[in-house]
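Keeping their order, the protein sequence lines are chains S and A.
Residue numbers for the first sequence follow numbering that gives the first Met the number 0, beginning at 0 and rising by one.
Residue numbers for the second sequence follow numbering that gives the first Met the number 0, beginning at 0 and rising by one.
One should not assume that every hint holds.
To be verified - DSBU-like cross-link-like pairs, simulated, lysine-lysine; straight-line CA separation at most 30 Å:
id, chain 1, residue 1, chain 2, residue 2
1, S, Lys6, A, Lys191
2, S, Lys61, A, Lys3
3, S, Lys162, A, Lys3
Since the hints were derived computationally from the structure, they do not count as laboratory data.
These numbers come from a predicted model, not from an experiment.
Below, each chain spelled out in residue letters.
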Amino acid sequence: MEKKKNKFLSNRGFVIFSILALLIVLAAVLAPVLCGSHSPTAGSLADAIKPPCAEHPFGTDKMGRDIFARVIYGARTSLSSTFVLVFVIFAVGTVLGVVSGYFGGWVDAVIMRIADMMIAFPGLVLAIAVAGMLGASTRNAVIAISLVSWPKYARLARSLVMKIRHTDFVAAATVTGSRTMYMLTRYMFPNTITTLVITAATDIGSMMMELAALSFLGFGAQPPTPEWGSMLNEGRNFMQSAPWMMIFPGLAIFITVVVFNMLGDNLRDILDPRSE
Amino acid sequence: MGKKQLASRLLQMLIVLLGISFLTFLLTYLSPGDPVRNMYTAAGIMPTEELIQATRDEMGFNDPFFVQYFRWLGNCLRGDFGKSYSLNKPVVTLLKARLWPTLKLTLMSMVLMLAVAVPLGVLSAVHHNKPIDYIVRAVTFFGVSLPNFWVGLLLILYFCVRLKLLPVVSSGGTFKDLLLPSVTLAVAMSAKYTRQVRTAVLEELSSDYVVGARARGVPERKILWGNVFPNSLLPLITMLGLSVGSLLGGTSVVEVIFSYPGLGNLAVNAITSADYFLVQGYVLWVSVIYMVVNLLVDLSYNYIDPRMRLRR
Chain S
0 MEKKKNKFLS NRGFVIFSIL ALLIVLAAVL APVLCGSHSP TAGSLADAIK PPCAEHPFGT
60 DKMGRDIFAR VIYGARTSLS STFVLVFVIF AVGTVLGVVS GYFGGWVDAV IMRIADMMIA
120 FPGLVLAIAV AGMLGASTRN AVIAISLVSW PKYARLARSL VMKIRHTDFV AAATVTGSRT
180 MYMLTRYMFP NTITTLVITA ATDIGSMMME LAALSFLGFG AQPPTPEWGS MLNEGRNFMQ
240 SAPWMMIFPG LAIFITVVVF NMLGDNLRDI LDPRSE
Chain A
0 MGKKQLASRL LQMLIVLLGI SFLTFLLTYL SPGDPVRNMY TAAGIMPTEE LIQATRDEMG
60 FNDPFFVQYF RWLGNCLRGD FGKSYSLNKP VVTLLKARLW PTLKLTLMSM VLMLAVAVPL
120 GVLSAVHHNK PIDYIVRAVT FFGVSLPNFW VGLLLILYFC VRLKLLPVVS SGGTFKDLLL
180 PSVTLAVAMS AKYTRQVRTA VLEELSSDYV VGARARGVPE RKILWGNVFP NSLLPLITML
240 GLSVGSLLGG TSVVEVIFSY PGLGNLAVNA ITSADYFLVQ GYVLWVSVIY MVVNLLVDLS
300 YNYIDPRMRL RR
């Protein structure tokens, strides 16, 4: 444990980007403190479409709402939905992949054919169709992207399990009477976890962008909930008169994605012995 | 790929397609909207309950699920994807009209992307761990983190609103209309591909035959363009195939931003107006195109990679 701790702390990039990521999460958690008296959903029309000033650092939108408050509160929606999404595809993909690789046979065939089907769909097409058909909401956007994203994890977990499935120590464990559940949780699952955590960490950024894209199209978070993608969509119509309405939410997505991508890359460098 | 492999591949494609058609149909079947009601509202009629029931019977919406599914599938196989009620035209006609603009956009952005990614990737790999490499890596890193809808909006803001150089709304006809949407799509993609080209070239550069060629005094330029580069093309082609598919779907965001008359824009509108036949048709078409493109990519290995031919 002592040695492991050093491995993380001695990687400067990882420390820096962990702190930055933590700051973003903190900003979302402490949104009421940061925004003071400004509400993300209520504004007065007298303040509509004001350029950035001391009172409203990011300006206001067409309803007079403070964009800074909306961006900060938007982090709550964007971050929580992204984390839920990544966790769902990680959990579903890993379980299905481990089961598929361990049992083989028809279980494997069925799971993998379904995975093939999902992969054969160009990602966003099915996500748009699902989100559109189920009705537009943050939850449905998460479901939609989960549906098309889990196969990647399942395939990965399956191949990792298949690698050790026929090794001697697994045979020995089976012969000595280990029960199936024990085999799965004690041997198969731990063997896949590092690679899959790395994959999940590096996927946070792109998943966040996909969710924002769905919201941007109107299939995700619904107004007046502040969400970066849907804020960009609102800002689109005011591009000429109020460019700040689309600049700041976009910047928020960009910065958050950069930080989480960097964090994921650094985590991979630490955990994956094969990388440079 | 041998004949046998090709046959099994085609069979697999058929199974997957069947699954996709089932899933698409199930989705529309489960969705909360009522197509009959939507059809009447789209036509501006306030229907009575009896009229709705009568039409449901007539159109077969009251039949059991599997009866409906197989009837729909049969019609699709005969090329009849139903009629879009929001646009009042056959789905096939609509899709056909929008396919070419989207393909044009896809191809144009691919060409732009390759024009940036290949030189930068090779440059970065050749100057491995030198300043140029660091700069390229930093730029591509930021590139992959840029959401393409934001890039699109910023491009519009700068080129259309500030400089007034290009039209804000593109009708998809001229080169000018195509330029900004394809640049938008190319930005994130070039970043991704530059990294891929760099990795592939680096890998080839460290292989034994390069060391051998250098030892024999073969000029570096000849090694790079005569051996290393052609060899590193293979993974690139696989990725290009996958990208064509994700682009066909991914263009929708960009098409909406630029009001570009492509498939993606059509699909988004179809969903917002709950035009289920159109959505079903769109999903099926795009999946078929995607699968055919990937099959062609796999087949092309036979010509590109001599090892594939020898293996038979």
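Do the hints match the structure? See the list:
With a C-alpha separation of about 29 Å, the suggested pair lysine 6 (chain S) and lysine 191 (chain A) falls inside the 30 Å cut-off, and the hint holds. At most 30 Å may separate the alpha-carbon atoms for a hinted pair to count; lysine 61 (chain S) and lysine 3 (chain A) exceed this at roughly 63 Å. Restraint check for lysine 162 (chain S) and lysine 3 (chain A): satisfied, since their Cα atoms lie roughly 28 Å apart, inside the 30 Å limit.
When each numbered hint is compared with the structure, a violation occurs for hint 2 only.
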